[in-house]
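S.K.: One letter stands for each residue in the lines below.
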Amino acid sequence: MKVIKLISKNVFRHKLRSILTIFGIAIAVMAFGLLRTVVTAWNAGVDASSSNRLISRHAVSFIFPLPYSYRDQLQKIPGVTGVSFANWFQGKYKDNSPDNFFARYAVDAETFMELYPEYILPNEQLATFKQQRNSCIVGKKIADKNNLKVGDIMTFEGDIYPGSYDFTVAGIYVGKDKTIDETQLFFHWSYLDERMKDVAGYGSGNVGWYIINIDDPKASASVSESIDAMYVNSTAKTKTETEKAFQQSFVSLSSAILVSLEVISYVIIGIILLVLANTMIMSARERIREYAVLKTLGFTGSTIAILIIGESLAISIAGGAVGLALTFPLANGFGNAFPTIFPVFQVLPSTILLMAGFALLVGLAASVFPSWKSSRISIVEGLRQIG
Amino acid sequence: MSTLVQVNQVSKIYYRGTIEIPVLQNLSLDVPEGEFMALMGPSGSGKTTLLNLISGIDRPTSGSIVIAGTDIAKLNETQLAKWRSQNIGFIFQFYNLIPVLTAYENVELPLELTNLSKKEKKQRVEGVLNIVGLSDRMDHYPKQLSGGQQQRVAIARAIVTDPTLIIGDEPTGDLDRKSAEEILNLMDRLNKEFKKTIVMVTHDPHAAQKAHLTRHLEKGELMINGDGK
Ligand SMILES: Nc1ncnc2c1ncn2[C@@H]1O[C@H](COP(=O)(O)OP(=O)(O)OP(=O)(O)O)[C@@H](O)[C@H]1O
Ligand SMILES: [Mg+2]
Chain A
335 MKVIKLISKN VFRHKLRSIL TIFGIAIAVM AFGLLRTVVT AWNAGVDASS
385 SNRLISRHAV SFIFPLPYSY RDQLQKIPGV TGVSFANWFQ GKYKDNSPDN
435 FFARYAVDAE TFMELYPEYI LPNEQLATFK QQRNSCIVGK KIADKNNLKV
485 GDIMTFEGDI YPGSYDFTVA GIYVGKDKTI DETQLFFHWS YLDERMKDVA
535 GYGSGNVGWY IINIDDPKAS ASVSESIDAM YVNSTAKTKT ETEKAFQQSF
585 VSLSSAILVS LEVISYVIIG IILLVLANTM IMSARERIRE YAVLKTLGFT
635 GSTIAILIIG ESLAISIAGG AVGLALTFPL ANGFGNAFPT IFPVFQVLPS
685 TILLMAGFAL LVGLAASVFP SWKSSRISIV EGLRQIG
Chain B
108 MSTLVQVNQV SKIYYRGTIE IPVLQNLSLD VPEGEFMALM GPSGSGKTTL
158 LNLISGIDRP TSGSIVIAGT DIAKLNETQL AKWRSQNIGF IFQFYNLIPV
208 LTAYENVELP LELTNLSKKE KKQRVEGVLN IVGLSDRMDH YPKQLSGGQQ
258 QRVAIARAIV TDPTLIIGDE PTGDLDRKSA EEILNLMDRL NKEFKKTIVM
308 VTHDPHAAQK AHLTRHLEKG ELMINGDGK
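Respectively, the protein sequence lines represent chains A and B. Throughout the first sequence, residue numbering follows the working numbering, covering 335 to 721 in sequence. Throughout the second sequence, residue numbering follows the working numbering, covering 108 to 336 in sequence.
Next comes chain A alone, as it looks inside the complex (with noise of 0.2 Å):
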């Protein structure tokens, strides 16, 4: 139809003031993705985590360690059917920098792993890993990124635990899925343990925190209850809790920052809204006297304000593709070069839907005046504009 074709003329009538909308627009649908993106990311640890599992903790701290001995206790609690450990290592890996640093854990070698069915490992690699008391499992990105594969060593710097520690590459896990973090490392407890007796004589005898496995995620209230009120007269006391909530104290820590980066994100759609009816005004002024022309012809004010929404619906759709169409390569980019501060850098669906749904919205948003105001114009006002 006609109209159609009218409007796709119109939206290359003037082709650098369209280009230059429709990549501004491009620019904003992208920014707000990857803001949205780093947002979702932030919180995929805590979604990616399983409501089976508890965490105990020092009811102080969780720098500060548990007694070995709760383990036996834990395990005969009704409902638990499972429970591991965990001790943050740290350590430095080839040099300080931020680029070569993720998370190193001391495991129960035994355990660990059955807790956690998300990180798939070959039965092989699994049996290696339980069988060699200095090998360790690493997440497939880190073995990627410094071109590891299996019965490499990696060689540690302790800092909390000093002293230097070669580990022998076992298996390289993969995530389930892309919500699961593979930038982790995880070695053997004793191992770190019989080094301690090395250097102090005696072993910790402490680890960092226990992991439980519940039968009944529903359960998980009262058996943390039952749990915490075992500890409540030692002098290590703990709180336990889903690793949901545990995962979330570290998150809302940078709550704030991921609350700007929202807020920020729809201040961008709100700046290129303006920018898009700024540009929809100005075409539609300068057309008036044409608006009346066809209006004397026998067209109708909607043909007007469709033309209008048209060509504005079509900037706004083609900005909102360019857009989507640049976020992919760049969240890419963005999750390849900060690996371990963003583990699974993802544009989710609901992302897409929302950067394709507030790209519509803004065309339709930014010609709601300009299309009501030229609909109504007079044709005689309108004739006599000097075109």
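What the hints contain is simulated information worked out from the structure, not anything from laboratory work. Check each hint, because a few of them may be wrong.
[What the hints assert, rightly or not] Chain B is faced by these chain A residues, among others (derived, beta-carbon under 10 Å): (1) LYS336; (2) LYS343; (3) PHE346; (4) ARG347; (5) LEU350; (6) ARG623; (7) VAL627; (8) GLY635; (9) ALA639; (10) PHE672; (11) LEU688; (12) ARG718.
Glycine residues also receive a C-beta, built at the ideal position from the N, C-alpha and C atoms.
Since chain A is already given, all that's left is putting chain B with the ligands on it; use the hints.
M.R.: Relative to chain A, chain B with the ligands alone:
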């Protein structure tokens, strides 16, 4: 000849704030069917205003305008728009073509409001472009055409719907002698050959001579004189 246009006791007052600007006062005018009428008069006398009222793009303050039996002052906006698309062909001083459409597309535009088939539209558009002598320029954009050629496209657009009445507001006002002559000959042909009723405003006595009837407007009132040839 029957009367096609009946302007009865029409007044038009513009308001600028609280100030009244009376432009036409109790003006009556009949245009017989098949007539080619020229409206002359000094600038500001209300010629454009009268044309706007006759063509249904503006409304009188009082009085009635009956065209081919329809009292157009009584139609609502939508009815009036439809009525214009079926009954009026406009030719403006500054052509007023849509710059992003080709000559062909500009002429086709009014047909978008009809139920004609694609084929019929094509026949009509090519037919009128042939009448105005621009068959070889159909794919040109307005800015690729001379003023006279643009005005011929505008005439083709005005007649493509086969309107009852053709209205021209200084159609030769922006053209050189030669182009103006061509346009006037074309309008003469529309009148004689295609039996179109034409009302045209002009400042040019030579242009007025082409018409059969000249009316003079002075300060919103018609002078009864000059019956042309
Ligand atoms: N929309 C309007 N608001 C106020 N006054 C108007 C309006 N349109 C026309 N007028 C006034 O009405 C009078 C007649 O205007 P009109 O355009 O009909 O004159 P005209 O005879 O066509 O003149 P010209 O030969 O210069 O085209 C003028 O004084 C003009 O200023
Ligand atoms: Mg005038």
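S.K.: Please check whether LEU350/A passes as an interface residue: C-beta within 10 Å of a C-beta belonging to chain B.
M.R.: violated, 16 Å
S.K.: Is the shortest C-beta separation between VAL627/A and chain B less than 10 Å?
M.R.: Holds. Min distance 5 Å.
S.K.: Return the status of the interface hint for ARG718/A: holds when the least beta-carbon distance to chain B is below 10 Å, violated otherwise.
M.R.: Holds. Min distance 9 Å.
S.K.: With chain B as the partner, please determine if PHE346/A meets the hint condition of a C-beta pair closer than 10 Å.
M.R.: holds, 8 Å
S.K.: Is the hint on LYS336/A kept, meaning its closest Cβ partner in chain B is under 10 Å away?
M.R.: holds, 5 Å
S.K.: Identify whether the interface hint at PHE672/A stands, where standing means a beta carbon of chain B within less than 10 Å of its own.
M.R.: Where the cut-off is 10 Å and the nearest Cβ of chain B is about 47 Å from PHE672/A, the hint is violated.
S.K.: Less than 10 Å between beta-carbons is the criterion; does ALA639/A satisfy it with respect to chain B?
M.R.: Where the cut-off is 10 Å and the nearest Cβ of chain B is about 14 Å from ALA639/A, the hint is violated.
S.K.: Is the interface hint satisfied for LEU688/A? The criterion is a beta-carbon contact with chain B at less than 10 Å.
M.R.: violated, 34 Å
S.K.: Would you check whether ARG347/A satisfies its interface hint, that is, whether its CB is within less than 10 Å of any CB in chain B?
M.R.: holds, 6 Å
S.K.: Per the CB criterion, is ARG623/A less than 10 Å away from chain B?
M.R.: This interface hint holds because 7 Å falls under the 10 Å limit.
S.K.: Please verify that hint: GLY635/A, Cβ, nearest Cβ of chain B, below 10 Å or not.
M.R.: Nearest chain B Cβ about 8 Å off; hint holds.
S.K.: Grab the minimum C-beta distance from LYS343/A to chain B and call the hint holds if it beats 10 Å, violated otherwise.
M.R.: holds, 4 Å
Of the numbered hints listed earlier, those contradicted by the structure are 5, 9, 10, 11.
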